[in-house]
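A.B. asks: Next come the chains, spelled out residue by residue.
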Amino acid sequence: MDEAETSLKRSPLVVTDPLITNYVSDIACAVFHAYCGDLRVYVIRNPNFNAALAPNGLMLVNTGLIVRMASSDQLAAVLGHELAHYTQTHSLELLRKAKRNLTVGTLVSALGLPGALAKLGVLNFNRQQESEADELGAYYMVAAGYWPGAASEVWRMLEDEERNALVKRSRGAWFLSTHPRPESRAQTLDAVVQRLADRPALARSAKAGLKREGVGMTEADPLIDVVQKRYAILMDEQLQQGDAGRLLTLLERHEAMGIRLSDVLFYRGEAYRIRDGSGDVERAMAAYRQATDFDEVNPGAYRELGYLEYKHGDRQQAQGYFESFLAEEPDAPDRQMIEFYLQGGW
Amino acid sequence: MRRLVLTFAWLLLQGCMSNQFSIIQPGHHAFGSFTVQAADAGWNRAPQQLTPHLYGGSQLWTRDGPLLDSLTLLPGIPDGGYLFVSPSKSNIYPVYRAGMLPNEIAELLESSLVRLNGPEVVVSSCGLRPHRVAGMQGLLVDLQLSGNDEPSRRGRAMAFVQDGELYALIYLAAWPHYAEKHLEASIAVMNSVESGG
Chain R
192 MDEAETSLKR
202 SPLVVTDPLI
212 TNYVSDIACA
222 VFHAYCGDLR
232 VYVIRNPNFN
242 AALAPNGLML
252 VNTGLIVRMA
262 SSDQLAAVLG
272 HELAHYTQTH
282 SLELLRKAKR
292 NLTVGTLVSA
302 LGLPGALAKL
312 GVLNFNRQQE
322 SEADELGAYY
332 MVAAGYWPGA
342 ASEVWRMLED
352 EERNALVKRS
362 RGAWFLSTHP
372 RPESRAQTLD
382 AVVQRLADRP
392 ALARSAKAGL
402 KREGVGMTEA
412 DPLIDVVQKR
422 YAILMDEQLQ
432 QGDAGRLLTL
442 LERHEAMGIR
452 LSDVLFYRGE
462 AYRIRDGSGD
472 VERAMAAYRQ
482 ATDFDEVNPG
492 AYRELGYLEY
502 KHGDRQQAQG
512 YFESFLAEEP
522 DAPDRQMIEF
532 YLQGGW
Chain H
5 MRRLVLTFAW
15 LLLQGCMSNQ
25 FSIIQPGHHA
35 FGSFTVQAAD
45 AGWNRAPQQL
55 TPHLYGGSQL
65 WTRDGPLLDS
75 LTLLPGIPDG
85 GYLFVSPSKS
95 NIYPVYRAGM
105 LPNEIAELLE
115 SSLVRLNGPE
125 VVVSSCGLRP
135 HRVAGMQGLL
145 VDLQLSGNDE
155 PSRRGRAMAF
165 VQDGELYALI
175 YLAAWPHYAE
185 KHLEASIAVM
195 NSVESGG
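Line order of the protein sequences matches chains R and H. First residue of the first sequence: 192, per the numbering used here; consecutive thereafter. First residue of the second sequence: 5, per the numbering used here; consecutive thereafter.
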């Protein structure tokens with residue numbers, strides 16, 4: 192596994208952007224506290240919701256997890272859960288079990304390190320281990336000053352996304368593969384929070400302004416800053432997955448979190464455009480137009496409006512939008528194609 | 005990408021790869037209702053056992069082996085069709101629609117490669133631009149695929165539409181060596197498209 196970590200360090204998918212890596216590492220270290228020294232955190236470009244912690248302290252956090260979080264408390268909840276598996280040696284037990292069946296090297300070479308960790312770290316924990324990790328994870332969060340109620344929010348958020356998804360995850364998907372249903376886990380976690388309610392540490396975290404209501408959050412939460420500043424990278428990964436149902440659910444959450452509305456509207460337009468159902472072109476165009484009403488406009492909104500107007504025969508409108516796009520984005524990599532449209536087109 | 009690598013590796017272990025590649029002779033070769041030209045005898049056609057993701061009329065050409073370089077020829081995809089064969093009963097690929105604009109076709113290529121390679125490979129496309137081939141208007145777009153523990157792949161896709169059917173050629177190779185080594189030969193095949201297959 193150490194060799195695999197050396198290889199992982201060279202992977203082009205490991206995020207090196209300090210804005211993201213420092214943010215995730217800081218939260219992980221706060222939650223892991225005494226175990227912080229054991230930890231090496233790698234953020235991986237992967238659109239799926241997942242995090243995993245190997246028995247040797249190597250932690251992988253997907254970008255698809257970060258973009259789904261509504262608060263730092265929620266990220267702390269996921270990391271606290273993983274820490275609990277680590278301290279209770281659940282991961283080690285899994286590794287030993289895997290070793291009995293096949294070598295770790297085989298597992299790693301077959302699935303890649305992230306895949307192997309996902310298998311070791313999450314998929315195969317049993318019901319008792321998951322329950323232990325849920326409860327202990329909440330204690331770790333409280334000790335670190337985070338609001339433990341965020342853990343049940345995560346499960347409800349995942350269930351909400353799954354309900355609205357156009358393509359449902361297979362039963363192997365991690366949050367569905369563990370025995371209790373997400374809503375049941377959320378209720379169990381709510382009960383844990385009730386038991387923790389009188390704890391001085393929770394009172395301290397509430398006083399510190401960290402307690403959240405629903406998915407609403409304070410402006411001070413650094414998660415918003417991270418997601419906002421890297422919004423295009425994080426959301427383009429989600430857009431590529433082509434599931435407008437998931438995307439629209441995510442965008443609703445981002446709007447509630449206070450992500451810049453012009454960005455949310457641009458991606459909402461993209462979601463309607465790729466869904467391409469009855470009335471979706473009109474919905475997409477309305478969203479793009481709204482996005483262009485703001486001072487900080489995503490230039491892509493002009494380009495997409497240009498394409499849609501062109502497709503529907505309004506060459507004059509299309510030309511105006513394409514010109515606006517090039518004015519905002521003179522070095523666009525697809526400038527040649529846009530100029531081609533301006534000169535007559537397809 | 006990982007799915008493809010594992011498929012190739014598994015088939016290699018099964019001994020399927022040793023004698024079923026066929027040399028593509030220099031000259032014209034059918035590409036739906038068009039032809040493409042192989043300028044030399046450096047191209048090899050992968051056997052169908054190695055390309056379960058390709059429909060019958062599609063082909064995978066390679067010079068140094070499909071793990072290092074590949075030129076995928078996708079001829080005549082009809083309205084409502086897909087670029088690749090889904091591994092399960094439920095379709096995982098985005099659908100091609102006649103009337104798609106170049107930006108939509110580029111997105112279709114990118115999204116199809118995303119599904120083909122799975123979530124552990126990041127696919128990006130860049131530099132969409134117009135391209136004339138066989139007297140028709142087509143498009144070119146540059147591609148990049150990055151996985152965790154495998155070499156990055158780079159390449160280029162060329163596509164055009166004839167009578168509502170999509171034709172595409174997708175070149176991808178391990179970067180930098182193989183991607184650069186075979187780019188010229190791949191571009192030559194892309195530019196050799198002629199009607200009358």
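These are calculated hints, taken from the structure and not from any lab test. All residues carry an ideal CB built from backbone N, CA and C; glycine is no exception. Just so you know, not all the hints are guaranteed correct.
To be verified - Below, simulated DSBU-like cross-link-like pairs (lysine-lysine); rule was C-alpha separation at most 35 Å, straight line:
| id | chain 1 | residue 1 | chain 2 | residue 2 |
| --- | --- | --- | --- | --- |
| 1 | H | 185 | R | 200 |
| 2 | R | 502 | H | 93 |
| 3 | R | 359 | H | 93 |
| 4 | R | 200 | R | 359 |
| 5 | R | 420 | R | 359 |
| 6 | R | 502 | R | 359 |
| 7 | R | 200 | R | 420 |
| 8 | R | 420 | R | 502 |
Said to hold, decoys possible - Okay, the calculated beta carbon distance ranges per label pair:
| id | chain 1 | residue 1 | chain 2 | residue 2 | range |
| --- | --- | --- | --- | --- | --- |
| 9 | H | 85 | R | 385 | 47 to 57 Å |
| 10 | H | 95 | R | 522 | 16 to 26 Å |
| 11 | R | 213 | H | 37 | 52 to 62 Å |
A.B. asks: Now, for every hint given, state plainly whether the structure supports it.
C.D. replies: Here is what the structure says about each hint:
no.	hint	in the structure
1	H/185 to R/200	holds (27 Å)
2	R/502 to H/93	holds (33 Å)
3	R/359 to H/93	holds (14 Å)
4	R/200 to R/359	holds (32 Å)
5	R/420 to R/359	holds (30 Å)
6	R/502 to R/359	holds (31 Å)
7	R/200 to R/420	holds (24 Å)
8	R/420 to R/502	holds (32 Å)
9	H/85 to R/385: 47 to 57 Å	holds (55 Å)
10	H/95 to R/522: 16 to 26 Å	violated (38 Å)
11	R/213 to H/37: 52 to 62 Å	holds (56 Å)
Hint 10 from the list above is the single one not met by this structure.
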